[in-house]
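J.: Each chain, written out:
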Amino acid sequence: MPKILVVDAGKCVGCRDCELICSAQHYQTFKSSLSGVATIKFDEISRDVPMVCQQCEKPACQAVCPVNAISRDEETAALVTNYDLCIGCKACVSACPFGAIHFDDEEKRPIKCDLCDGDPDCVKICPSEALKYEEADRATMAKRRESIVHLPELLKLITREKE
Amino acid sequence: MAFKGGYAGKLLYVDLTKEKIEKVPLDEDLAKKYIGGAGLAAKLLFDLIPKGIDPLSPSNVLGFFVGPLTGTLFPQASRYTVAAKNPLTNAWGEAHSAGFWGPELKLAGYDGIIFTGKAKRPVYLYIDNEEVEICSAKGLWGMKTFEAMDKVTQIHNDPQIESVAIGPAGENLVRFAGIFTRNGRVAARSGMGLVMGSKNLKLIAVRGTKGLDVAQPDEYLDSVKAWYDKVLSHPYTEGRVKYGTTELIDMMQSIGRLPTYNMRQGVFDEWENISCDTYRDKYLLRPRADYACIQRCGRFVSVATGPYKCLGKGPEYECLSALGSRCGNSNLASIIYIHHLCDEYGMDSIGTGSVIAWAMECYEKGILTEEDTGGLAFNWGDHELIVRLVEMITKREGIGDLLAEGSYRAAKRLGRGMEYVMHVKGQDIASQEPRAQKSMGLAAATASRGADHLYAFPVLDEGEVFAKEIRQWYGTEYLPEIGERLSPKNKGFMVFHNENYSVLIESLGVCKYGTMVPPALYYEDIIRAIEVTMGWKFSERELKKVGERIVNLNRLFNVREGITRKDDSLPERLTKEPAPLGIPKGQVVELDTMLDEYYQYRGWDKKTGRPTKKKLKELGLEEEAKKL
Numbered sequence: 001m002p003k004i005l006v007v008d009a010g011k012c013v014g015c016r017d018c019e020l021i022c023s024a025q026h027y028q029t030f031k032s033s034l035s036g037v038a039t040i041k042f043d044e045i046s047r048d049v050p051m052v053c054q055q056c057e058k059p060a061c062q063a064v065c066p067v068n069a070i071s072r073d074e075e076t077a078a079l080v081t082n083y084d085l086c087i088g089c090k091a092c093v094s095a096c097p098f099g100a101i102h103f104d105d106e107e108k109r110p111i112k113c114d115l116c117d118g119d120p121d122c123v124k125i126c127p128s129e130a131l132k133y134e135e136a137d138r139a140t141m142a143k144r145r146e147s148i149v150h151l152p153e154l155l156k157l158i159t160r161e162k163e
Numbered sequence: 001m002a003f004k005g006g007y008a009g010k011l012l013y014v015d016l017t018k019e020k021i022e023k024v025p026l027d028e029d030l031a032k033k034y035i036g037g038a039g040l041a042a043k044l045l046f047d048l049i050p051k052g053i054d055p056l057s058p059s060n061v062l063g064f065f066v067g068p069l070t071g072t073l074f075p076q077a078s079r080y081t082v083a084a085k086n087p088l089t090n091a092w093g094e095a096h097s098a099g100f101w102g103p104e105l106k107l108a109g110y111d112g113i114i115f116t117g118k119a120k121r122p123v124y125l126y127i128d129n130e131e132v133e134i135c136s137a138k139g140l141w142g143m144k145t146f147e148a149m150d151k152v153t154q155i156h157n158d159p160q161i162e163s164v165a166i167g168p169a170g171e172n173l174v175r176f177a178g179i180f181t182r183n184g185r186v187a188a189r190s191g192m193g194l195v196m197g198s199k200n201l202k203l204i205a206v207r208g209t210k211g212l213d214v215a216q217p218d219e220y221l222d223s224v225k226a227w228y229d230k231v232l233s234h235p236y237t238e239g240r241v242k243y244g245t246t247e248l249i250d251m252m253q254s255i256g257r258l259p260t261y262n263m264r265q266g267v268f269d270e271w272e273n274i275s276c277d278t279y280r281d282k283y284l285l286r287p288r289a290d291y292a293c294i295q296r297c298g299r300f301v302s303v304a305t306g307p308y309k310c311l312g313k314g315p316e317y318e319c320l321s322a323l324g325s326r327c328g329n330s331n332l333a334s335i336i337y338i339h340h341l342c343d344e345y346g347m348d349s350i351g352t353g354s355v356i357a358w359a360m361e362c363y364e365k366g367i368l369t370e371e372d373t374g375g376l377a378f379n380w381g382d383h384e385l386i387v388r389l390v391e392m393i394t395k396r397e398g399i400g401d402l403l404a405e406g407s408y409r410a411a412k413r414l415g416r417g418m419e420y421v422m423h424v425k426g427q428d429i430a431s432q433e434p435r436a437q438k439s440m441g442l443a444a445a446t447a448s449r450g451a452d453h454l455y456a457f458p459v460l461d462e463g464e465v466f467a468k469e470i471r472q473w474y475g476t477e478y479l480p481e482i483g484e485r486l487s488p489k490n491k492g493f494m495v496f497h498n499e500n501y502s503v504l505i506e507s508l509g510v511c512k513y514g515t516m517v518p519p520a521l522y523y524e525d526i527i528r529a530i531e532v533t534m535g536w537k538f539s540e541r542e543l544k545k546v547g548e549r550i551v552n553l554n555r556l557f558n559v560r561e562g563i564t565r566k567d568d569s570l571p572e573r574l575t576k577e578p579a580p581l582g583i584p585k586g587q588v589v590e591l592d593t594m595l596d597e598y599y600q601y602r603g604w605d606k607k608t609g610r611p612t613k614k615k616l617k618e619l620g621l622e623e624e625a626k627k628l
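Protein sequence lines, in the order shown, are assigned to chains A and B. Residues 1 to 163 (the working numbering) make up the first sequence, in order. Residues 1 to 628 (the working numbering) make up the second sequence, in order.
Read the hints as simulated data drawn from the structure, not as lab findings. Here a beta-carbon is modelled for each residue, glycine too, at the ideal position from N, C-alpha and C. Take the hints with a grain of salt, since some may be wrong.
Each pair of labels, with its calculated beta carbon distance range [said to hold, decoys possible]:
(1) A:Glu-75 <-> B:Thr-476: 51 to 57 Å
(2) B:Glu-590 <-> A:Ser-147: 55 to 61 Å
(3) B:His-156 <-> A:Lys-58: 35 to 41 Å
(4) A:Glu-129 <-> B:Thr-476: 39 to 45 Å
(5) A:Gly-99 <-> B:Tyr-601: 39 to 45 Å
(6) B:Gly-142 <-> A:Glu-153: 41 to 47 Å
(7) A:Gln-54 <-> B:Leu-479: 56 to 62 Å
Incomplete in silico selection of chain B near chain A, CB under 7 Å [to be verified]:
(8) Arg-182
(9) Leu-284
(10) Gly-620
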């Protein structure tokens, strides 16, 4: 079962380490437009949301690519770009509903998350476990369990019923 | 020769009088000698600021500098330094801040910005990579800090812009005005927001989308893993992540080092109301990180109901003490709210709390009367009064006009109450009661920007948790006294050693958390960081010289302004009045003995406090010595 990259925005502390490690690992430089993940900041409510490719089952990027440069990796299920085929037309950038594909002006190519061949560096560096890489059939169970403790009223109700 | 990594490679000079902008390449030899950040500030502003100027005149120079590690993945590589002649001390001034602005400036292509002159009208600087523009701040002037920053993102239609700004306090020339980032970090000390206001400069908006290279990317990434492991596995880090610096309330209370009722004593009867667990249980929503920060000492808080209802960045230790224990105030919701006001109006909460605490003690002693205060009673712990005073200070209304001058100048103007001003060189002492930890007293006395705990940040004698590092940093020959809080012995060496390391850290553009508290990363890691980032090989000895050079150049700036040994002093309360309570009961700070030892290690004249010719030659500061 391929794993999926799960974002728990509630845990993100906004350090942007995920962005930095991504571009450094892939392109040996620190540059946010060369990163497959971008932390979107909402300072007024102090929330940050790491935005990353969802590796869609019906990928719009792949559908619009005129040269079939985007294909699914058999092992990781990541949508990966073959830059030998890519013509830099930016159709994928326009098509992605999440804005998760970024066009870098220096490399002249679209940048997206490739799941690091099944061992994502952003997950490893995240200091607050806001990013996890887990099997799809169990990925959200931990999040559900954690989130329910924030609903004390509901928990009280469950306890009462048991009594 | 081009830089291999770490540096953007150029400085931005902005003449506000002529509205002229110039980009100048950063000289590599200069960078090797002073690194960046605080070091570069020390050198460039020593050369640019003429002797004896009024810090609020157009002749003052305001510089913002990032370090070569700023913007990389080094733990807590988020920092920038801002420096100018200090309007509180009339000598060297600098302040530092985390946030996201420093890295953004680097990624826009600059290692620093140097402002000279004074704008004819309120302006802000807008930087979008190579595009740099001085814009009219009409419509922004008068706005609160975060309001102005939001407005700028709207004007340029780019929510990714990072800004630093002053609030109404800086515009109204409140002496302790600070410079704020969008996420509520502040370059608080030395009145840097006041200097910015005096130049009619409201804000600096930056958008940077360039890349930042390092000399050895593969080795860099290997090192990152080691650095992160060291910081995250340090026993101190767990508490830091959980409580941030608020845990210091509990710790300082336990060792009698929590300044209370101005700085009369180091224990606060009502401390439990402002303890780290009370804070966490009642108001904390979540910790907050700055750029590349794994310490997460930022706090995001909510006061849900009542008169102090607010949501935003929460106070940390210094603020909790300044607006809390120092004013005898244990209403935590009020402290959170007052901190929020200080951020919005744009002033240093240490300066704010200190001047109010001073006024409260003066009122108690009958030195300040209702005639002076316009009928207001300055009773200890009156949080409603503090709220009111923060607004009056910002607007310089009534007694607020006097208090806006800061405690030292307020006492001077009043002609009374100087004995209750807890300052060094005109700048308020932070919440580190030195009778309970002698090294802190020496550190406050010698710091170049006036009273300051961070310039030396002597913390390894605070408690058992750093027993291992005491040996690593200072060897065994100074034991046991160097590790004993109440002993003045060997503290001259400690402060000498720490200052050299600390200015190096500020020059690299990284945080003292992780490098000094907890002391997880040390010279060996810095040597490695410089090698893999910049491609330079430094020995530990050479790096210590860089730090020493910066400290000596800061000192030369002060010598040029007339600072001597007599200014490296503490209020008599701390040197003559025995601590009344707790563990340090009966203690005073034996400053003179510690100073003698300190000057000896520094190679400074013991009578004048002036660096000797021999020392300056050794550090390659002969040219600077000629400019005294």
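J.: For which of the previously enumerated hints does the structure constitute a violation, in increasing order of number?
T.: 5, 9, 10
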